[in-house]
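S.K.: Residue strings, one per chain:
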Amino acid sequence: MTAIDPMLETPRRVLRNSGAAWRRLFDSPLNVALSLLVLAAAAMAVPPLFKWAVLDAAFLPATPQTCQAHAGACWSFIVAKHSQILFGIYPLDERWRPAIVCVGLIGLLIYSVRPSSWRRGLLVAWLVMMVAAQVLMGGGIFGLTPVSTALWGGLPVTLILTVVAIGGGFPLAILLALARRSELPALRVLSTIFIETMRGLPLLSILFIASIMLPLLLPAALVPDKLVRALIALLLFAAAYMAEVVRGGLQAIPRGQYEAAAALGLGYWRTQQKVVLPQALNVSIPALTSTIIVMIKNTSLVLVVGLFDLISSGKSALADPTWRSPAIETYIFISAIYFVLCFGFGRFAESFERRNKVSR
Amino acid sequence: MALTVSGPPGLARPSRGVVRRVDLLAQAAAIAVVLVVLGVILATTRYNLSARGIQLGLDFLVERAGFTVAETLLPYDPGDSVLRAMWVGVTNSLFVSIVVGVASTILGVLVGVCRLSPNPMVAGLARVWVEGVRNTPPVLLLIFLYSLWWQVAPSDHAVALAPGVLASIRGLAVPKVTTPWSGMDLLLLAVLAGGLAWLVARPPRAARAMPRPFLAGAAIAVTALAALMLGLDGRAGIILPRAEGATLASGAVLTPELFTILFGLTLYTTGFIAEVVRGGIEAVPKGQWEAARALGLGEASVLRLVVLPQMLRVVIPPMTSQYVNIVKNSTLALAVGYTDFLTIMGTIINKTGHAIEGTVLIVVVYLCINLTISTALNLYNARIAMRGGR
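Sequence lines, in order, name chains A and B.
165 is the number that the working numbering gives to position 165 of the first sequence; each next residue is one higher, with no gaps.
Take any residue in the second sequence, count from 1 to its spot, add 1000: that is its number in the working numbering.
Any given hint could be a false lead.
List time: in silico DSS-like cross-link candidates among lysine-lysine, alpha-carbon distance up to 30 Å [stated by the list, open to error]:
hint	chain 1	residue 1	chain 2	residue 2
1	A	K315	A	K226
2	B	K1286	A	K315
3	B	K1351	A	K226
Since the hints were derived computationally from the structure, they do not count as laboratory data.
Predicted, not measured: the structure shown is a model, and the values here were computed from it.
Bound-form chain B, shown alone:
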């Protein structure tokens, strides 16, 4: 490529006109190459499609899906539309991602702190965990756990792993919490609580004179009242798991497939988040702790006012990519037979033959989810980065 531009001697940059023309040429060439490649692909695709008698279009989305999905979060049956099946897949994937995200964040902080423990046994154990998952493929971990489940889980009775947790070859049963609120109610309450929290954090001018605790109390009271009114007719309770032989009769039952993907991905991601947390803690110099203590701040204030703000600034960007990774790794559900979005799309493409539309939908859905996560966390990051100053 002839991008090399040598200017007249004595000038730091070659004269502008020359650069412009060469640059324009390079860009035009790049665009032309992309267009030609796209054109060739488009032409052959059209030829291939017409040779196979496939019509492009999204009509298939409203047709009957006609396949079963082993495990769904939302009600679904084969008579539902393809679109509904896709939505079921998205919720399954998001469910796995959210549970793994929350669990591995909590565990990751714990393991990351353990990694820096002065106690060599605790630090060593945390290190084994981290190095183990960082150096083996996650899909192998999942397949390993899955076959371990089938070899170890009892096939004729259920064992109590912990109070309220039963396991048998059929799966794992945990206590099921029933709330008096429907999903819609919970969404409404979450929006209300979020809005009120925003108002408390940035009170309007009229309320600015009031003390913060008073505002916070008022917000909590309003939310509680709304929750009470929405939930008046429902019943709250906890259904404990119960087993008849190996059959798990009540409680929330996770199939071995779902349990494997949740447990395996949490094990895996925890190792990575622990490293992020460790990096964040180590990034705050010891002098900051000492200086804050010298100012007479209590331990909690030192942590909240001095250490955490600096740590978060280091930790948020790598955490963002960890959360995106969780969504991406949730596709490994395929390896153990849990039906996530990608599996469902594979079934849809196989059944309907709409490979191109299906592919575009896969790309769009994953990009939407991942871009939402990274945009949200980047916004948060921009805020704390500004507050921290530099």
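Next up, chain A with everything else stripped away, as it sits in the complex:
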């Protein structure tokens, strides 16, 4: 057999596939019926939607009058209010600060998915990023105007909640997973109880409990503000879910690896650190990615305990009486932001995974 240059092979394969795709639409009675059904539904749904979203829609200038003049979607509202939706009630002149925080956090999050970047430097980068986020958002030093957490809102809050919950939850998750697989019964039982309770409860109830119980359980001086209470709840919740993912990875490690490490005279922690965890975490990356996506989505629930995440800042933007409250358009805009974040993150992790598989 002669080796075929893959570059030459590609166009022919694409052609063949595209022909097949067309034929596959109409190659059997069932397929013809299904295709016609989909086409009919599209013919019914698409024109009015297109008319609403594009033809009749109001774009510029971004004023309430433009919206009143058009029957369709009121995108002018999004154009006029995008900054309020993205950054909540953060002071108008200072919004470049949360913008930088968002870009930095997303960039670092994407960079961190690749195991090749998992070095000590990354940890330092995250610590620097968190301090920078705190300084930029909160202000008070370097001549930045102080902004209290009550004024934080929108996308930066969503991102900070996600990152802290996952970043802080991850080390805890590893400890919990190790404890649950440990031979020490007390540790195993404690960690199992914690994990199963957290996983058995709705996040909403955990947030709710954190917001009403912490003031009762702690001395008044120690009771944290709303943001921190939600953060603690999210962190513990994320830790329990990630612990199960990590445990799955640990189970995939063959016994021989432990025995080999023991034969080398490695102790428990060295075995875990040098032999078991690197392999286990590598196995659990796909599951971790989907847990992270779930956590990004979960942060939206903090709106019920009165925090200004993306959805609540959208709601407060809608409260402006000069506009006719275009809720649909606003929620489509916010959904699009979440979709880009989650889908993009998932796609990136997946593409990396595929490359990782090829290289092995």
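Got chain A; can you put chain B on it based on the hints?
M.R.: Below, chain B alone, put in the same frame as chain A:
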């Protein structure tokens, strides 16, 4: 932490005595930390409670609830006890979970199969559905649907969405089925049918010689007879929805809140179940289909005897977590204003001030529901896993 135990060189494991002592120490330390934390929390809680003059106790459960609940499955009025209000909340939550569970399982199988369809349009549409719900928060979907309802639903008349389904700004009306049986009768019949099905599946020794179809027929006849006797005095019928202006006068009427949570959660969960189903179908190798056909089995037998058993083994564990997720997601009812168990508990805690007892009740109820689901499905899973062998 000094858990590191280095044994003498040449030994695979360090000697037992050393491990024991270190291990004991670690466990004692862990327990001590937990106890100290609990103790501190307990002490401050007692202090905080006495400072606010709150008495612990479950007496408030039998007191008058005193608040209204907009929509209940069971009869309820503000004069009922707090316990009754809680029970109303549990049934509301379970109702949402069960309807969403059934609907999204059926739709999920459909969408999962569509996802693998050779027809690119059908597969693409299913994919859009799956990716859409997997990458947006469910609470956003619910709020979106809810505000969509208020913008789109007509406020002065009702429109027929389908034969027998009317919608107006007041809600959605569907045909109401009245059965001649009360709830208790239905429960009895279900227990009877379940017991008989068990007997048919594992007949006692005396009946083992009889053919299976005969036993099954007998069981169905007995159940039908019981149903007839229990339902003799009742009336069966279907009440079609009717509208006067925008008011939905008859039929089973779902408020916009209930409709949103049912419809939204079903849309959402269907996307996840579709992925589980797709994974299950793809987990059965093509060779299994071909081998079964080569044995001369018909398509239905191939599916029933070869493909489904292998698929179920892959599908049941992730389905279990999907069903638990439905119960957990039913709390999102809060975002659209449908009163589920969590909302009712919030009201109770606000009104009575019994935050600690209320919290414990929330935890206990959700853990009970979710553990029941996962235990039941795990038992089922253990059975089919054994039968499948490995």
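S.K.: Failing hints, ascending?
M.R.: Of the numbered hints, just 2 does not hold.
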